[in-house]
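J.: Take the sequences, apply the hints, and build the full model.
There are 2 protein chains.
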Amino acid sequence: MNTTIKKELAKYQGQINRVMKLFFDQKLQESGRWSADLKKVVQKTKRFSLQGGKRLRPILFLYGYQAIKSGNVQAVLKAAVSIEIMQSYFLVHDDIIDEDDQRRGSPSLHVVYEKMYRNNFGIKLSIIAGDLLENYALEVLAEADFPSVNINKALKHYYQITKQVNYGQVLDLLSERDEKITEKEIFNILKLKTATYTTTGPLQLGATLAGATENQLNQVAKIGQPLGIAFQLRDDVLGLFASQKEIGKPVGSDVKEGKKTLLIYRAWQASDQKQRKILKKVLGNKSASFKDIKKVRQIVKETGSLKYVNQKIDQHINKSLKMIANSSFRPSPKKFLADLAQFIGQHVL
Amino acid sequence: MNTTIKKELAKYQGQINRVMKLFFDQKLQESGRWSADLKKVVQKTKRFSLQGGKRLRPILFLYGYQAIKSGNVQAVLKAAVSIEIMQSYFLVHDDIIDEDDQRRGSPSLHVVYEKMYRNNFGIKLSIIAGDLLENYALEVLAEADFPSVNINKALKHYYQITKQVNYGQVLDLLSERDEKITEKEIFNILKLKTATYTTTGPLQLGATLAGATENQLNQVAKIGQPLGIAFQLRDDVLGLFASQKEIGKPVGSDVKEGKKTLLIYRAWQASDQKQRKILKKVLGNKSASFKDIKKVRQIVKETGSLKYVNQKIDQHINKSLKMIANSSFRPSPKKFLADLAQFIGQHVL
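Top line first, the protein sequences correspond to chains A and B. Residue numbers 16 to 364, in the numbering used here, belong to the letters of the first sequence in order. Residue numbers 16 to 364, in the numbering used here, belong to the letters of the second sequence in order.
Since the hints were made in silico from the structure, they are not lab data. Check the hints yourself; a few may be wrong.
The list cannot tell twin chains apart, which means a pair is met if one copy fits it or any two copies do.
Pairs of lysine-lysine residues, derived as BS3-like cross-links and limited to a Cα-Cα distance of at most 27 Å, are as follows [claimed, not checked]:
(1) K22 - K69
(2) K55 - K206
(3) K130 - K301
(4) K171 - K61
(5) K206 - K59
(6) K334 - K206
(7) K59 - K316
(8) K195 - K55
(9) K195 - K59
(10) K171 - K301
T.: What follows is the structure, encoded as structure tokens:
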């Protein structure tokens with residue numbers, strides 16, 4: 016990561032983690048009053064939520080607020096962990112659905128519970144634990160210390176975010192078995208599943224608490240959507256080409272799961288007979304070797320798919336940068352958003 | 016069911032179903048704008064939510080409102096379907112967790128999706144579909160046509176309800192493997208899992224939208240909690256002793272799943288060697304026969320457990336009736352609640 020962004024993120028990561036820790040400690044007390052066993056289950060949701068993670072979403076929440084209004088950092092951060100806990104909720108259910116055993120370099124929550132309880136309790140408890148994390152995320156936002164009319168508006172954004180992500184989840188899952196998926200459908204999934212809750216959602220929630228106008232919220236969406244799409248496309252590229260250490264999960268897991276990322280889709284479309292034979296063998300093959308993944312890397316390059324996706328990232332970054340420059344937001348969040356966009360844009364392998 | 020209650024329920028069931036249908040039709044349009052496949056998935060959540068069900072919860076929501084304030088029935092019913100959709104959310108996840116293939120006499124949602132898509136998509140899609148139903152429930156309440164300060168308070172009740180139910184879900188699941196469960200723990204599960212969202216929650220949500228005071232909300236809780244506990248104990252009794260037609264699911268499913276209901280717990284505690292041997296064989300045995308279930312029925316009777324649970328039901332009904340009589344609520348909802356309590360109390364086999 017470049018130094019400006021690194022510093023800016025580091026400035027708040029510690030504070031965000033402290034606020035999260037405090038919230039989860041209250042939940043430990045609360046659940047412990049019912050039962051020590053319940054508390055143990057909640058304890059693992061705390062650990063899962065606090066381990067790893069760049070805290071990008073709550074930081075965007077804060078900058079969304081500051082785009083409209085200065086000050087009140089502590090109160091905003093307290094509300095902003097809502098989006099990080101929402102992220103935990105999605106990750107827990109996502110890992111069950113994708114049958115991912117690792118997350119951020121540690122075991123997924125369903126693996127943790129299965130070790131503790133056996134009997135398929137891993138998945139069963141993780142369904143409920145994900146649900147609980149969603150309840151917690153809602154609690155944090157509903158109890159935030161802001162005027163009730165702003166909270167109400169924020170809660171309307173909240174359910175729109177979760178709903179759109181879940182729509183995207185359905186489409187993403189169905190895409191695994193869909194032979195005739197189109198590029199437009201892939202972009203729909205990107206919009207629904209990533210842009211909404213990685214960039215647009217956090218920015219809009221923060222801006223809403225600051226009392227943003229409809230016009231300002233539209234500006235936020237126009238900045239956030241291309242930024243979020245570029246972010247996910249970059250993540251897809253890193254997921255295939257970076258090392259396990261860099262990404263905190265096995266390399267090529269999208270490939271093994273048969274996910275139709277833009278990267279894979281374009282490679283598939285442009286592949287010749289020989290290449291397609293290899294892709295057929297490796298895509299969706301859970302026991303694919305690292306050698307197989309390296310073959311896929313090569314095909315993604317040879318077919319021009321990597322180049323195409325990098326161009327798409329550039330286009331979306333430029334769109335976002337233009338909207339940032341044209342926005343009526345305050346200077347410091349404008350600068351942060353522009354730095355972030357440029358970072359995502361320049362992080363080329 | 017006795018005639019008064021039947022009439023009173025029938026009066027609103029049709030209206031509630033119409034409001035739900037209308038809401039889901041909007042969601043079909045909304046999801047269809049993204050993709051026809053997504054719409055198909057949402058269509059099944061609609062069907063699942065509309066089939067069967069007594070709509071007791073939204074009716075209690077309405078009476079919770081009317082306990083405080085008259086009029087506004089249409090607006091309240093529009094908000095009240097929130098709790099029915101929340102119920103759908105819980106049922107969908109609950110059926111996955113309990114591995115129940117039937118619900119309200121029809122296939123569970125994960126069975127429906129598995130038939131449509133195969134590949135374990137049944138459970139995967141149902142996790143997301145449950146999440147979506149939760150988002151919908153929140154949407155209905157957040158968009159209700161009431162003063163924003165009342166909506167805000169209602170949303171705080173909302174997350175408390177979902178959170179407590181999920182706490183109860185964890186305890187309920189863990190109880191399956193807990194040899195040393197106590198009667199107190201069983202009552203905790205009853206409070207968290209049932210009373211909250213079957214009686215207290217709906218009543219409080221309605222009362223909150225009507226602008227109830229803290230004192231009035233406390234009265235609601237004191238009526239709702241014993242009523243909800245009695246309701247679930249009655250449900251446990253019916254689940255073992257009624258016919259499949261009466262309960263819309265296989266008889267003795269709690270027994271087959273090894274659920275530690277009060278009925279089973281007391282029978283186990285009081286059983287002699289011979290009885291315990293039978294219980295050991297049948298409890299948690301998914302392929303137990305109807306003959307086995309009948310043996311369990313006999314033991315539940317012989318050990319005095321049925322009598323004990325019926326006494327508990329009476330005690331809780333009487334407690335609730337006393338609180339209803341002492342409350343400062345308006346006459347017509349008081350009468351309905353008293354009728355309902357008496358119905359649950361008298362429905363003896």
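J.: Could you run down the list of hints and mark each one as holding or not?
T.: Hint check:
no. : hint        : in the structure
1   : K22 - K69   : within (12 Å within a copy, 57 Å between copies)
2   : K55 - K206  : between (36 Å within a copy, 20 Å between copies)
3   : K130 - K301 : both (22 Å within a copy, 24 Å between copies)
4   : K171 - K61  : both (26 Å within a copy, 22 Å between copies)
5   : K206 - K59  : between (31 Å within a copy, 24 Å between copies)
6   : K334 - K206 : within (15 Å within a copy, 53 Å between copies)
7   : K59 - K316  : neither (41 Å within a copy, 41 Å between copies)
8   : K195 - K55  : between (45 Å within a copy, 17 Å between copies)
9   : K195 - K59  : between (40 Å within a copy, 23 Å between copies)
10  : K171 - K301 : neither (39 Å within a copy, 43 Å between copies)
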